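Q: Using the hints provided, position chains B, C, D and E with the ligands relative to the given structure of chain A.
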Amino acid sequence: HDDEITVYAAVSLRDAFTEIAREFEETRSNTRVVLNFAGSQVLRAQIERGAPADVVATADDVQARQLEAAGLLAASPRTFVENALVLAVPADNPAGIAHLTDLAAPDVRVVMGIADVPVGRYARAALERYAAVNGRDGFVGAVLDNVVSFETNARLVAAKLELGVVDAGFVYRTDVLASDGALVEIALPPQAAIAAPYPIAVTKRGAGREAASAFVDFVHSPVGQRMLASHGFRPAG
Amino acid sequence: MRRAQSLTWNRLALAASAAILVAFIGIPVGALIARGFIEGDVLAAFRSPVATTALWLSLATSAIAVAVAVVLGTPAAYLLARHAFPGRSIVDTLIDLPVVLPPVVGGLALLVAFGRHGVIGGPLDAAGVDVAFTTGAVVLAQLFVAVPFYIRAARAGFEGVDRRLEAVSATLGASGWRTFRRVTVPLALPSLIGGAVMCWARALGEFGATIMFAGNVFGRTQTMPLAILEAIETDVDAALAIAIVLIVLAFAGLLVFKALARLGGRVL
Amino acid sequence: MRRAQSLTWNRLALAASAAILVAFIGIPVGALIARGFIEGDVLAAFRSPVATTALWLSLATSAIAVAVAVVLGTPAAYLLARHAFPGRSIVDTLIDLPVVLPPVVGGLALLVAFGRHGVIGGPLDAAGVDVAFTTGAVVLAQLFVAVPFYIRAARAGFEGVDRRLEAVSATLGASGWRTFRRVTVPLALPSLIGGAVMCWARALGEFGATIMFAGNVFGRTQTMPLAILEAIETDVDAALAIAIVLIVLAFAGLLVFKALARLGGRVL
Amino acid sequence: MIRADIRTTVGSFDLAVDLAVDREITVLYGHSGAGKTLTLEAIAGLLTPRQGRITLHDRVVFDSSAGVNVPPQRRDLGYLVQSYALFPHLTVAQNIAYGLGHVRRSERRERVESFARMFGVDDLLRRRPARISGGQAQRVALARALVREPRVLLLDEPFAAVDSSNRRTMRRKLRQLAQRLDLSVVMVTHDLTEAYNVGDRLAVIDRGRVLQAGPRDEVFRRPATARAAELLGVQNILPGRVVGSDGDRVRVATGLGMVAARAESRPATDHVRLAVRAEQIILERPDRPSTHRENRFQVTIIDEAAFGFSHTLVVRVDDAASGAPTLEIDVPAHPYQVLNVPARRDWRIHIPPEAVHVIGE
Amino acid sequence: MIRADIRTTVGSFDLAVDLAVDREITVLYGHSGAGKTLTLEAIAGLLTPRQGRITLHDRVVFDSSAGVNVPPQRRDLGYLVQSYALFPHLTVAQNIAYGLGHVRRSERRERVESFARMFGVDDLLRRRPARISGGQAQRVALARALVREPRVLLLDEPFAAVDSSNRRTMRRKLRQLAQRLDLSVVMVTHDLTEAYNVGDRLAVIDRGRVLQAGPRDEVFRRPATARAAELLGVQNILPGRVVGSDGDRVRVATGLGMVAARAESRPATDHVRLAVRAEQIILERPDRPSTHRENRFQVTIIDEAAFGFSHTLVVRVDDAASGAPTLEIDVPAHPYQVLNVPARRDWRIHIPPEAVHVIGE
Ligand SMILES: Nc1ncnc2c1ncn2[C@@H]1O[C@H](COP(=O)(O)OP(=O)(O)OP(=O)(O)O)[C@@H](O)[C@H]1O
Ligand SMILES: Nc1ncnc2c1ncn2[C@@H]1O[C@H](COP(=O)(O)OP(=O)(O)OP(=O)(O)O)[C@@H](O)[C@H]1O
Ligand SMILES: [Mg+2]
Ligand SMILES: [Mg+2]
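Chains as they are written, first to last, in our numbering: chain A, 1 to 237; chain B, 1 to 268; chain C, 1 to 268; chain D, 1 to 361; chain E, 1 to 361.
Derived from the structure by calculation, the hints contain no laboratory data.
Source: prediction; values computed, not measured.
Worth double-checking, as some hints may not be accurate.
Residues from chain A that keep clear of chain B, each with C-beta distances beyond 10 angstroms, as calculated [as the list claims (entries may be wrong)]:
| id | residue |
| --- | --- |
| 1 | A45 |
| 2 | A104 |
| 3 | R109 |
| 4 | R173 |
| 5 | G181 |
| 6 | A193 |
| 7 | G232 |
| 8 | P235 |
Covered by chain C, per the in silico footprint, the following chain B stretches (three or more residues, Cβ under 8 angstroms) [what the hints assert, rightly or not]:
| id | region |
| --- | --- |
| 9 | 45–53 |
| 10 | 79–85 |
| 11 | 94–102 |
| 12 | 148–155 |
| 13 | 242–248 |
We treat Cβ as the ideally placed atom computed from N, Cα and C, and that holds for glycine.
Just chain A, with the same shape it has in the complex (with noise of 0.2 angstroms):
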């Protein structure tokens, strides 16, 4: 291959990236595209110190944000996709959670991430928007004294749903879909309804290579989001 480009991309995308790459691999015989997966921070962090990333997709705008106010991307990051906070149970349900006010009752184990990842901001944004609209004081120290752990990603929150170790946690549709049946979804009020967006942008090392840019267009592109759809994302909207 006489073209390679570098994608770093969150942990999230990982099935759906590895089609995409695949695919756009088939469409441009002479490209290669590498896969590197790791958190959001990670990647930051990664790329703040050189690291070879010619494409960055991050599952969470602050962080894309942060990259690009420190001059390393090519270009400001688009939004290509987005996911969907959910509350999630274990198949079982063992504390017969059926409504997100449920979270509150007392002994029911919740958890949740921590405040300064998207997946704990988003479910404490949820958590309050209901309370405001609902007038529910308390709501909210209620739901987060039954909190026994606060994860600094998504997966730790669904790998610990799918362990049945606890009862209820805010997660993405994503995790829900990939579990393969041992997550549940409650369905949110439409009130606390939040999406998540993805943003992607080719950085500074990548600026010069027409397959970098070429990538970030076909994951825009129809077939892109559609793969993308099948593992439970939304359209940007």
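A: Below, chains B, C, D and E with the ligands without anything else, positioned relative to chain A:
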């Protein structure tokens, strides 16, 4: 026997490879510290409640973990070193496994076993005892990940003790226990201390198994590494500042630990 | 001196604490394996290219890391054990630090030092050498995290060698090097092997520093732990299946390693 | 009272020892590799025999058929091992005090000091074993084994590393202690002089078997076998055939001619060996009349060596049958000078019949 | 040729040794803790003296003033350490072969086997040191030190753990080897008999100082100081005052009366000590006329003990001044019987003037 000569040449080769290693470890750590000082606010970190609370929790849990490792690990190591029994090498190898498992997977394993539906966790849950997601779980996670280092070192130490001295102790009327305490342990001490130091250090730095098994709740299960990795999510430099707190603490702790051990070895 | 008696009572106490530890480690690992088998497809994992590619990469990198650890760490440990020099305990403690650092922070430190703008990485980059994000970086990350375990064990081993035997070797005309090779090393062998085993195991299980410093590129820097933790992102049970591959590999590897070492010790 | 009747195999070495020791000092004497140390280890409980029985003061501590095997720490004995095996991490004082765990602190200290003084190591009390000399280490080890005042004492070459004056003191202290405390002591040595000077009783061990045991003088004077005689330092052992006996005299035909020996009774077999110590053969001037009627031989000196203040002559009996052995004779310095031995080669010897011990094999 | 003139302090022990050894066997004799091992360690290079100079065959291996300090492995010597220190992880054969790294494989094997045979350990070659006896270990260690055929050989109590017959063989082999290879050997012993039997030359060491060194017989016959005499086993040391001398006779007034001694010249000082070996004093029947004119004393036996085949009598001189020392006399078994010593207490002794050595201090 009192003072052997050493060729300068050999010494140079020794010093060179030691220097390479020291540089290899020292420069990254030094660079990290430098960056933390330049970009982060180390003083603030030293005073921040996040760091101090996590610090105390780390100290307490790692101390307990090491104590348990020593109490349970010493007899196990002695058994492995001194008694041949069927399946010994299987047991020996099993004890090493936690080191191989990525800590998060180790935490997963603990969660599977101690979780609500687990082999151990199930009955405990029925009895109303929660293990996962408690401070106790932090200790268990640290123990799981760190105890192999103590056992392996202790085993090597016990193997190095001259068995004639133990035999002589017995002829002097000493019970097995007294022999163990007065002869075997003191002679294996350098290895035991080395193992305990590594065990403590590993427990102190433990992250993956803890967050998986004990969760990450400020003041209850958030140890220093968890605090650092939480901080990294938003601000690398703030995280580095907390990391410096950990490094300073660990460095001082290790120095004190070793000095005390040397002293103890001499007094013994 | 040939066969000492042991009280059944003491043996029981020994066996009990060993049993607790074995259960504490064995049950979680067993539960994990059981779950992996029940819920995941272990056979498929054994054949999947993700697992096999990562497996070979893990084997190769950890073997190199251990080799480097032994080659550089042995002289360093000997120096620390045998020569008093100013700052010895500082150096000794510095070498332990990587154990305390959460691996991701360790990886960050390596990145800071070896990254394109780093103290070491800068000049290297200017010379056209890339270190970070290569397979070499995997080895460095493993070395950074695992070498302290080897050095500490080796140091304890060297301290246990009777210096009279070394003196006698010198009077028999043996050079310092020959004495080291023929007397010191064989006598310290149990500790050296123990250290190497722990070092290898730690390198094999290394995750955080690797993903930070070397990245996570399939076929190039994605080792088993990275593959497992990547798989966790989509399916815990698929990840467990890969973890079982790692456990089986490590278990077999450790057994073979120890058997070879015993054999070597006997032949030596 | 120690009784050990045991049998075991260590590597390719076969040990089958039957030993009885009373309230006294028994020396276990044998060459290097004879099985002395293994015997002590078995009595101490450090080596478990394949079969047999060991009793210490009427207490059965080992009995293979009854399944008894008391561990070393409950056999209540003192054991000085051949390699001393001092605890390297303890000071000399702590080494000596090691076995006194049950004793009150103040008394312990006193006892340690008195035993250290007894063996002349009282100025080393605060040193580590690495910082004392070989002989000092041996004395410390001895003090350590004795300070517990056990009723059974096993000593493996306790004086090998110490000089004669220390040795004399230590021997005396040991004897006093053994008497005062009514000890049963087994002391191993490879040194014949030592064996003679220390023991009440003597057991000769060779290739894992006790060849002979009994009161010291009895064993020395009347070795039971030719091998025992050889081990006991009898230089002249002559094969012969009993041709007659009258009264307490036995007449034996040997390569040297007829030799008369004193024996309580005619031996059971006619094929015998005669054992004669070199120092009991008397050298006479051939040109002076002899006062002895029997066992006179004309000899020629064929070799000689001076050892300390005595001289050893190797002589050939002039009328001996061809192939007959030569004889060794010890002559003290004074008669050597008075007789002026170097002046001539041809002499006469007399072998007192009392000095000829008949071994019937 | 070994020359060591060194001074150092180890712990609280002060070593100041001046020793010269020619192409022969020199025995370094001294009591436990005298500094023998430290001296050998200094020569071997394992102990660095504070000051002084050591030359081995004209090669300076240590010189504090010139800053020379050749490491042990390049001093080209063989050193048998007191504790054997066999390599526990190597077999007996590998232990012996250890120093033969430079030798071809086939030859190495041959040499190992021949030295093992020489010291009777050839059937142990494949065993580990933990599985052999103490005496066997010592012989292996000796073979290991000798097999390199170094020109300088340091032996620290090489025969302490072996029996007399092995000892005899080993001594002989050692002598042969020393002659064949033109070795300089320093052998340490605390055993006087050993010192006498092995060495060409003898050096007496006490408290870190060489008291006297010279040809063996010279040292034995003429100890330079009272302490040397005591160490060399002279039982009778009498203080006295020289009152006259004529020809080769010196007359000394002692507590026992006047004693005549043979001396080449009158000693430098009048206050002297007389050294007389117990075995050189002659016991005579008091009721028979004496053939000796000088040094006759009437004595009474006050104590006696039997050692091996000789008897030691402690006698008091009848006319001695009060507080005068008693004398020790050795009587061999034969004269003891002939004279029938037990029958009476009062005897006469004769001290040959040749047997009286005058020490001027
Ligand atoms: N562990 C062992 N394995 C095999 N053979 C052994 C072992 N220990 C001793 N032997 C052999 O058994 C024999 C007797 O050994 P032991 O130690 O009793 O001799 P010893 O009489 O004490 O001799 P020494 O006077 O040399 O100490 C020796 O030939 C020795 O090589
Ligand atoms: N490392 C040391 N530190 C302090 N003192 C020591 C040390 N080594 C030896 N000594 C002392 O120095 C003196 C001489 O020791 P050395 O070993 O030379 O005696 P030695 O003549 O060989 O005696 P032995 O016949 O008992 O072996 C002894 O009193 C001993 O206690
Ligand atoms: Mg022995
Ligand atoms: Mg010595």
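Q: Residue count check for the region 242–248 of chain B against chain C: does it reach three with CB-CB under 8 angstroms?
A: With 3 residues close enough to chain C, the hint holds.
Q: Are 3 or more residues of the region 79–85 of chain B near chain C, judged by a Cβ distance of less than 8 angstroms?
A: n = 3 at 8 angstroms, threshold three: holds.
Q: Would you assess whether G232 of chain A, listed as outside the interface, keeps its beta-carbon beyond 10 angstroms of every beta-carbon in chain B?
A: At about 23 angstroms from chain B, G232 of chain A clears the 10 angstroms cut-off, so the statement holds.
Q: If we take the beta carbon of R173 of chain A, is the closest beta carbon in chain B still more than 10 angstroms away?
A: 22 angstroms, holds
Q: The output says A193 of chain A does not contact chain B. Does that hold with a beta carbon cutoff of 10 angstroms?
A: 24 angstroms, holds
Q: Cut-off 8 angstroms, C-beta pairs, minimum 3 residues; does the coverage of the region 45–53 of chain B by chain C stand?
A: violated (count 0)
Q: Does A104 of chain A sit more than 10 angstroms from chain B, CB to CB?
A: Since the minimum Cβ distance to chain B is about 18 angstroms, A104 of chain A lies beyond 10 angstroms and the statement holds.
Q: Taking the shortest Cβ-to-Cβ distance between G181 of chain A and chain B, state whether it exceeds 10 angstroms.
A: 17 angstroms, holds
Q: Would you check whether the claim that R109 of chain A is not at the interface survives, using Cβ distances to chain B and the 10 angstroms cut-off?
A: Violated, because the least Cβ-Cβ distance between R109 of chain A and chain B comes to about 7 angstroms, which does not exceed 10 angstroms.
Q: How does the coverage statement for the region 148–155 of chain B fare against chain C, requiring three or more residues with Cβ below 8 angstroms from a Cβ of that chain?
A: holds (count 6)
Q: Closer than 8 angstroms Cβ to Cβ for three or more residues is the test here. Does the region 94–102 of chain B pass it with chain C?
A: Contact hint for the region 94–102 of chain B vs chain C: holds, 9 residues under 8 angstroms.
Q: Would you say A45 of chain A is clear of chain B, with no C-beta pair closer than or equal to 10 angstroms?
A: Answer for A45 of chain A: violated, closest chain B Cβ roughly 6 angstroms.
The structure fails hints 1, 3, 9 (numbered hints given earlier, in ascending order).
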